[in-house]
Each structure stands twice: as structure tokens, then as C-alpha cells.
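First to last, the protein sequences are chains Z and H.
Quick note on numbering: our numbering labels position 95 of the first sequence as 90, and the sequence is numbered without any gaps.
Quick note on numbering: our numbering labels position 102 of the second sequence as 143, and the sequence is numbered without any gaps.
One thing to keep in mind: the hints can contain errors.
[Stated by the list, open to error] Below, in silico cross-link-like pairs of lysine-lysine (BS3-like), each with a Cα-Cα straight-line distance of 30 angstroms or less:
hint, chain 1, residue 1, chain 2, residue 2
1, H, Lys42, Z, Lys73
2, Z, Lys73, H, Lys152
3, Z, Lys37, H, Lys83
4, Z, Lys73, H, Lys109
5, H, Lys83, H, Lys152
6, Z, Lys73, Z, Lys37
7, H, Lys42, Z, Lys78
8, H, Lys83, H, Lys42
9, Z, Lys78, H, Lys83
10, Z, Lys52, Z, Lys78
11, Z, Lys78, Z, Lys37
12, Z, Lys52, H, Lys152
13, Z, Lys73, H, Lys83
14, Z, Lys52, Z, Lys73
15, H, Lys109, H, Lys42
16, Z, Lys52, H, Lys109
17, Z, Lys78, H, Lys109
18, H, Lys152, Z, Lys78
19, Z, Lys37, Z, Lys52
[Unchecked claim] Partial selection, computed: residues in chain Z whose CB lies under 8 angstroms from chain H:
hint, residue
20, Pro(-3)
21, Leu25
22, Ser43
23, Ser50
24, Phe56
25, Phe60
26, Gly103
[As the list claims (entries may be wrong)] Derived DEER-like restraints, expressed as beta-carbon distance ranges:
hint, chain 1, residue 1, chain 2, residue 2, range
27, Z, Glu80, H, Thr46, 20 to 30 angstroms
28, Z, Ser92, H, Ser53, 18 to 28 angstroms
29, Z, Glu48, H, Asn59, 38 to 48 angstroms
30, Z, Asn46, H, Ser53, 43 to 53 angstroms
31, H, Asn59, Z, Met10, 46 to 56 angstroms
32, H, Gln122, Z, Lys73, 37 to 47 angstroms
33, H, Ser93, Z, Glu48, 47 to 57 angstroms
Hints in this document: simulated from the structure, not taken from any laboratory.
Virtual Cβ for every residue (Gly too), placed ideally from N, Cα, C.
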Amino acid sequence: EPEVTQTPSHQVTQMGQEVILRCVPISNHLYFYWYRQILGQKVEFLVSFYNNEISEKSEIFDDQFSVERPDGSNFTLKIRSTKLEDSAMYFCASSESLNRGRETQYFGPGTRLLVL
Amino acid sequence: KQEVTQIPAALSVPEGENLVLNCSFTDSAIYNLQWFRQDPGKGLTSLLLIQSSQREQTSGRLNASLDKSSGRSTLYIAASQPGDSATYLCAVFINAGNMLTFGGGTRLMVKP
């Protein structure tokens, strides 16, 4: 069964460094998302992406964050200058459509980011 | 702003028991509602999606209901098994944006 994959599974970085989290969405899906979950807290929406542009973003997704679909398969989240409070599990998700029963979002296994 | 709440936060039951997990949301203008399972340190597995026009969805031993007007959904698990132990999350997809707003989850422990 097709699944969303994410790399790396764990990333440790120093405060102020740039990190890129990578995702390969399900191949026939058109909508892509990033969420994060700080330890012990709710899963929070960061950004959604469709047709090579951001369609929605939350207050968390400030200028330090960016997303890109560099080729036909990868979807990346870049944090330009990491802060301690960016430490979280980052989940990528994808969906086929936004309607007609095809809007189920499928999540990847996550990347655990630790900022020291 | 949409708020999603799940009660109880934790639940421990003996194997074989039928159980109900609750989810409530403050803004009834939802597009759909999705239930997920999350195992410790792992990703989210989609269990069921209910569209706003539907009242319930079933998958195996799971049955999810939706009462949009009262802002509530329930996940019914029949004949619980130790393998059902996990955190169960509900999330709503609001009309204004194509993003999921999550509840805090119910941590379920099914004891053999």
C-alpha cells in the first residue's frame, strides 16, 4: 500500500543552524501538508501546498520556514535558523483531493527534530 | 477559532470491552472529521473519515459517528484488544482552510 515517507527519522542540530526535512508524498496525491507536534502537545498545522504554491499557512509558519517541491516526488520543509522551541516531531501528509471522499490525509512517520 | 477537545484524556479497559471515545469541536462549520491512531513515537494512521453530510462510518470493529449540529463525534471500538492500545486523535477539516485541527487525543490502554 502506498505510504508517505520522511527522512531523516531523527535530526539533531545546533541553534541557529538550517535544517531541511524531506518527504515523499503518495505519488498520485496533489495536496501536501506539514504539521508538527511538540512533545506532550497537540498536533499543529503548519502549511499546506498545492500546485506549487502555499495554499494555507498558520501563525507558526513565519519567515524562518519555507516549503518547496523541488522535483516531481519530494516535498521539503526548511527551517532557516533553528530555535530551541522548534524541537518537535514534524509530520508530512498528503491527500489526493479536497473533495468527493478523497480528502483523507495520510501521514508519514515523522522526523524528530532536536535543537540544542 | 476552532477548538477540538477529546475526553477522556486517558482510558484503561480490560480486553473484550466495548468502549466509546469522545470528540467535541466548537465551530460546527466543518468539512469533514478524521480519526487517527498514534502509537508512541510514531506517525498518525488514518482510521476513518466522516464527511459533514454523513452520520457515521464503519471500518471493522470501529464505528465513528458525527453530530455536526452539536459539535460532537464518537469513536466506538467493539471487543477491544491489547493491540488497540494507542492514542486516538480526532481532527476536523474546516471549510475556511484545507488544514486539520487536532484534539489532544485519548490515550487508550487495553489490558489482557
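Going down the list of hints, with the structure as the test:
For a cut-off of 30 angstroms, the pair hint linking Lys42 (chain H) to Lys73 (chain Z) stands: about 27 angstroms separates their Cα positions. The hinted pair formed by Lys73 (chain Z) and Lys152 (chain H) fails the criterion: a straight-line CA distance of about 42 angstroms is larger than 30 angstroms. Distance restraint check for Lys37 (chain Z) and Lys83 (chain H): the Cα-Cα separation of roughly 14 angstroms lies within the 30 angstroms cut-off, and the hinted pair is therefore satisfied. As the CA atoms of Lys73 (chain Z) and Lys109 (chain H) are separated by approximately 37 angstroms, the hinted pair breaks the 30 angstroms bound.
For the proposed pair Lys83 (chain H) and Lys152 (chain H), the alpha carbon gap of about 21 angstroms is at most 30 angstroms, so the pair holds. Only pairs whose Cα atoms come within 30 angstroms are accepted, and Lys73 (chain Z) paired with Lys37 (chain Z) is accepted, the gap being roughly 21 angstroms. For the suggested pair Lys42 (chain H) and Lys78 (chain Z), the alpha carbons sit about 27 angstroms apart, so the restraint of at most 30 angstroms is met. With a C-alpha separation of about 28 angstroms, the suggested pair Lys83 (chain H) and Lys42 (chain H) falls inside the 30 angstroms cut-off, and the hint holds.
Straight-line distance between C-alpha atoms of Lys78 (chain Z) and Lys83 (chain H) comes to about 23 angstroms, which keeps the hinted pair within the 30 angstroms bound. This hinted pair checks out: Lys52 (chain Z) and Lys78 (chain Z) have alpha carbons roughly 19 angstroms apart, not beyond 30 angstroms. Distance hint between Lys78 (chain Z) and Lys37 (chain Z) is fulfilled; the C-alpha atoms sit about 19 angstroms from each other, no more than 30 angstroms. Distance hint between Lys52 (chain Z) and Lys152 (chain H) is unfulfilled; the C-alpha atoms sit about 41 angstroms from each other, more than 30 angstroms.
Taking the CA atoms of Lys73 (chain Z) and Lys83 (chain H), the gap is near 21 angstroms; set against the 30 angstroms cutoff, the hint holds. With a C-alpha separation of about 14 angstroms, the suggested pair Lys52 (chain Z) and Lys73 (chain Z) falls inside the 30 angstroms cut-off, and the hint holds. With a C-alpha separation of about 16 angstroms, the suggested pair Lys109 (chain H) and Lys42 (chain H) falls inside the 30 angstroms cut-off, and the hint holds. This hinted pair checks out: Lys52 (chain Z) and Lys109 (chain H) have alpha carbons roughly 25 angstroms apart, not beyond 30 angstroms.
Note on Lys78 (chain Z) and Lys109 (chain H): the hinted pairing is violated, with a Cα-Cα distance of about 39 angstroms set against a maximum of 30 angstroms. Our distance criterion of 30 angstroms between C-alpha atoms is broken by Lys152 (chain H) and Lys78 (chain Z), whose separation comes to about 40 angstroms. Proximity of Lys37 (chain Z) to Lys52 (chain Z) is assessed by CA-CA distance (about 17 angstroms); at most 30 angstroms being required, the pair is judged to hold. A hinted interface residue such as Pro(-3) (chain Z) counts as satisfied when its beta carbon comes closer than 8 angstroms to some beta carbon of chain H; here the least separation is about 13 angstroms, so the hint is violated.
Against a cut-off of 8 angstroms between C-beta atoms, the interface hint on Leu25 (chain Z) is violated, since the closest Cβ of chain H lies about 11 angstroms away. For Ser43 (chain Z), the interface hint holds, since its Cβ comes within 8 angstroms of a Cβ in chain H; the closest pair sits about 5 angstroms apart. At its closest, the beta carbon of Ser50 (chain Z) sits 6 angstroms from a beta carbon of chain H; the interface hint therefore holds under the 8 angstroms criterion. Given hint, Phe56 (chain Z) at the interface with chain H, is violated; its Cβ is 11 angstroms from that chain's nearest Cβ, farther than 8 angstroms.
A distance limit of 8 angstroms between C-beta atoms decides the matter here; for Phe60 (chain Z) the minimum to chain H is near 15 angstroms, and the interface restraint is violated. Evaluation of the Gly103 (chain Z) hint against chain H yields a held restraint, the C-beta minimum of about 6 angstroms falling below 8 angstroms. The given range of 20 to 30 angstroms is respected by Glu80 (chain Z) and Thr46 (chain H), whose C-beta atoms sit roughly 24 angstroms from each other. Remark: the range hint 18 to 28 angstroms for Ser92 (chain Z) to Ser53 (chain H) is contradicted by a beta-carbon distance near 39 angstroms.
Taken as a hint, the range 38 to 48 angstroms holds for the pair Glu48 (chain Z) and Asn59 (chain H), whose Cβ atoms sit roughly 46 angstroms apart. Roughly 46 angstroms separates the CB atoms of Asn46 (chain Z) and Ser53 (chain H), a value that falls within the hinted 43 to 53 angstroms. Hint check: Asn59 (chain H) to Met10 (chain Z), Cβ distance near 49 angstroms, so the stated range 46 to 56 angstroms holds. For the hinted restraint 37 to 47 angstroms between Gln122 (chain H) and Lys73 (chain Z), the CB-CB distance of approximately 42 angstroms keeps it satisfied.
For the pair Ser93 (chain H) and Glu48 (chain Z), the supplied restraint of 47 to 57 angstroms is violated, since their beta-carbon distance comes to about 27 angstroms.
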